[in-house]
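Number of protein chains: 2
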Amino acid sequence: MPLLFKKIKDLRNYLKSRRCEGKEVGFVPTMGYLHKGHRELIKLARMQNDIVVVSIFVNPTQFGEGEDYDRYPKDLERDLSICEEEGVDVVFAPEVAEIYPKGYRTRVCVGELGNILEGAFRPGHFDGVATIVVKLFNIVQPNRAYFGEKDYQQLKIIQQLVEDLNIPVEIIPVPIVREEGGLAYSSRNVYLSPEERESALAIYKSFQLAEKMIKAGERDAKRIKEAIRAFIERHPHVKGIDYVEITDENLKPKETVEKGDRILVAVRIGDARLIDNWKVEL
Amino acid sequence: MPLLFKKIKDLRNYLKSRRCEGKEVGFVPTMGYLHKGHRELIKLARMQNDIVVVSIFVNPTQFGEGEDYDRYPKDLERDLSICEEEGVDVVFAPEVAEIYPKGYRTRVCVGELGNILEGAFRPGHFDGVATIVVKLFNIVQPNRAYFGEKDYQQLKIIQQLVEDLNIPVEIIPVPIVREEGGLAYSSRNVYLSPEERESALAIYKSFQLAEKMIKAGERDAKRIKEAIRAFIERHPHVKGIDYVEITDENLKPKETVEKGDRILVAVRIGDARLIDNWKVEL
Chain A
198 MPLLFKKIKD
208 LRNYLKSRRC
218 EGKEVGFVPT
228 MGYLHKGHRE
238 LIKLARMQND
248 IVVVSIFVNP
258 TQFGEGEDYD
268 RYPKDLERDL
278 SICEEEGVDV
288 VFAPEVAEIY
298 PKGYRTRVCV
308 GELGNILEGA
318 FRPGHFDGVA
328 TIVVKLFNIV
338 QPNRAYFGEK
348 DYQQLKIIQQ
358 LVEDLNIPVE
368 IIPVPIVREE
378 GGLAYSSRNV
388 YLSPEERESA
398 LAIYKSFQLA
408 EKMIKAGERD
418 AKRIKEAIRA
428 FIERHPHVKG
438 IDYVEITDEN
448 LKPKETVEKG
458 DRILVAVRIG
468 DARLIDNWKV
478 EL
Chain B
198 MPLLFKKIKD
208 LRNYLKSRRC
218 EGKEVGFVPT
228 MGYLHKGHRE
238 LIKLARMQND
248 IVVVSIFVNP
258 TQFGEGEDYD
268 RYPKDLERDL
278 SICEEEGVDV
288 VFAPEVAEIY
298 PKGYRTRVCV
308 GELGNILEGA
318 FRPGHFDGVA
328 TIVVKLFNIV
338 QPNRAYFGEK
348 DYQQLKIIQQ
358 LVEDLNIPVE
368 IIPVPIVREE
378 GGLAYSSRNV
388 YLSPEERESA
398 LAIYKSFQLA
408 EKMIKAGERD
418 AKRIKEAIRA
428 FIERHPHVKG
438 IDYVEITDEN
448 LKPKETVEKG
458 DRILVAVRIG
468 DARLIDNWKV
478 EL
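As given, the protein sequences belong to chains A and B, one line each in that order. Add 197 to the 1-based position in the first sequence for this note's numbering, that's all there is to it. Add 197 to the 1-based position in the second sequence for this note's numbering, that's all there is to it.
There's no promise every hint is true.
Copies of one chain are not kept apart here, so a pair can be met inside one copy or by any two copies together.
[To be verified] The calculated EDC-like cross-link candidates involving lysine to aspartate or glutamate, where the alpha carbons are at most 20 Å apart (straight line), are: (1) K299 - E446; (2) K213 - E367; (3) K204 - E360; (4) K213 - E237; (5) K206 - E360; (6) K449 - E283; (7) K422 - E377; (8) K402 - D247; (9) K419 - E237; (10) K240 - E309; (11) K347 - E282; (12) K476 - D272; (13) K213 - E478; (14) K299 - D445.
Calculated directly from the structure, the hints in this document are not laboratory data.
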């Protein structure tokens, strides 16, 4: 079993002595309820580091009013066995009061990149993400940290903040892992009924449709976005599409699509809000 | 002579190998134009650490529109000889573009503590301070960092952010150093003409007046503040008093004065804006 720490001080003491032995630390921050996507992050961390630390913490400050903080799925027992299977050395699973003691005030503010796409629908979300990530980096002081491309905007924001704040950690992006059928793994998929899950496949299929249009010569972002939107909308249980956007790799909206651009979508299906993205390959 | 680094990468390489030898690093962040106050910070750092790093960087993001960024005094040659005299090992004096390359966006936001007192007169100042301090901590990764009590609000904000963001550094406060006559050492004293400097002594004298009132039994913060204000205002060259406040040690305003409280003032004299503070001893 991996070592389980709930206190910052205990984790730090352990890691300090490992670091003094010259060990390199790989870090996978998660909100728990681990799935195959997390496993890929952990596998890569396992290959590239001496010590692998996984944090499990559902961060309240990145959830907005009326979002799913209270019902976010949790299963520490299961998470620990997955970590064991993947050869994780240390699991850090603090209580909220350990991370945010009374009186905390300082936040990391990510600026414009945090106000577009997800940020436009979840005000304050990325400042919450940035703050917890900076805190966890300071607690773990890893050599490398692993983030999935599923949360592409989050990945870009973290890359930006690491550069902006001169944080001495290497950010390693890991490609999206999809179920058979194309649904991207997400802890929030648990909110979907079997019928809604069927509808959720529309997201992946819409990317395939877009890729097909682009391969056939279509380059107009507006027309591609409209096709994606129309395709997803005609599926049952789709309650709304928060956005369909095509950007360059740095999240700058595009009018003319090129290789390497990203298609990003957020769709509300049943009680779930799913995000996904696709790299235009051509 | 201390080693002089202008590039983050070179400084990091040097410190990395020192740290691997088990050396502890003490850090004194400054805006240069070093004076006796800085010397005290350096002396303490010298006593408590194996390696002493002094940074010299006039941080543009903590200056507001119309403030003295462009005329802030600079003298790197002189600073280097002071550092040599005090046994500093490393001086880090980067250009602005090294610290803020094009496209930087992330800021550290300190919240309410940054909006009162100095923050009310210098909007954004403390976010600028917090951001550069976090960046420098990440670049230097010191064991200890030294801050003067002269900038008392800055000290409290840095203590708060280090705790809030779990930064692994010990903050060491150093008492105010005063010239004969009581004027607190400050790089900005250079803006004062001899006559204005004479008037500036009113600040220290007003603290002595307050201490006397308190010793005589006065506990009403309002009356003490009024006495300080009236005393300072009757001196020539005093262009205005931005604030006179009495707070507890955590900057919470007080109505009834106790031992350990702080009196904080900001006064505009000639072309200078001077801040100072005083711990109520009783």
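Checked hints:
1. K299 - E446: between (39 Å within a copy, 18 Å between copies)
2. K213 - E367: Both. Shortest intra-copy (19 Å) and inter-copy (16 Å) distances satisfy the 20 Å Cα cut-off.
3. K204 - E360: between (28 Å within a copy, 15 Å between copies)
4. K213 - E237: Cα proximity of K213 and E237: none, with 26 Å in one copy and 31 Å across.
5. K206 - E360: between (27 Å within a copy, 13 Å between copies)
6. K449 - E283: For K449 and E283, neither the intra-copy (36 Å) nor the inter-copy (50 Å) Cα distance is at most 20 Å.
7. K422 - E377: Classified as neither; 25 Å inside a copy, 72 Å across copies.
8. K402 - D247: neither (39 Å within a copy, 61 Å between copies)
9. K419 - E237: Classified as neither; 34 Å inside a copy, 63 Å across copies.
10. K240 - E309: neither (33 Å within a copy, 42 Å between copies)
11. K347 - E282: Neither: 23 Å inside a chain and 55 Å across chains, both beyond 20 Å.
12. K476 - D272: Classified as neither: same-chain Cα gap 32 Å, cross-chain 51 Å, threshold 20 Å.
13. K213 - E478: neither (43 Å within a copy, 41 Å between copies)
14. K299 - D445: between (41 Å within a copy, 18 Å between copies)
Checked against the numbered hints above, the structure violates hints 4, 6, 7, 8, 9, 10, 11, 12, 13; every other hint is satisfied.
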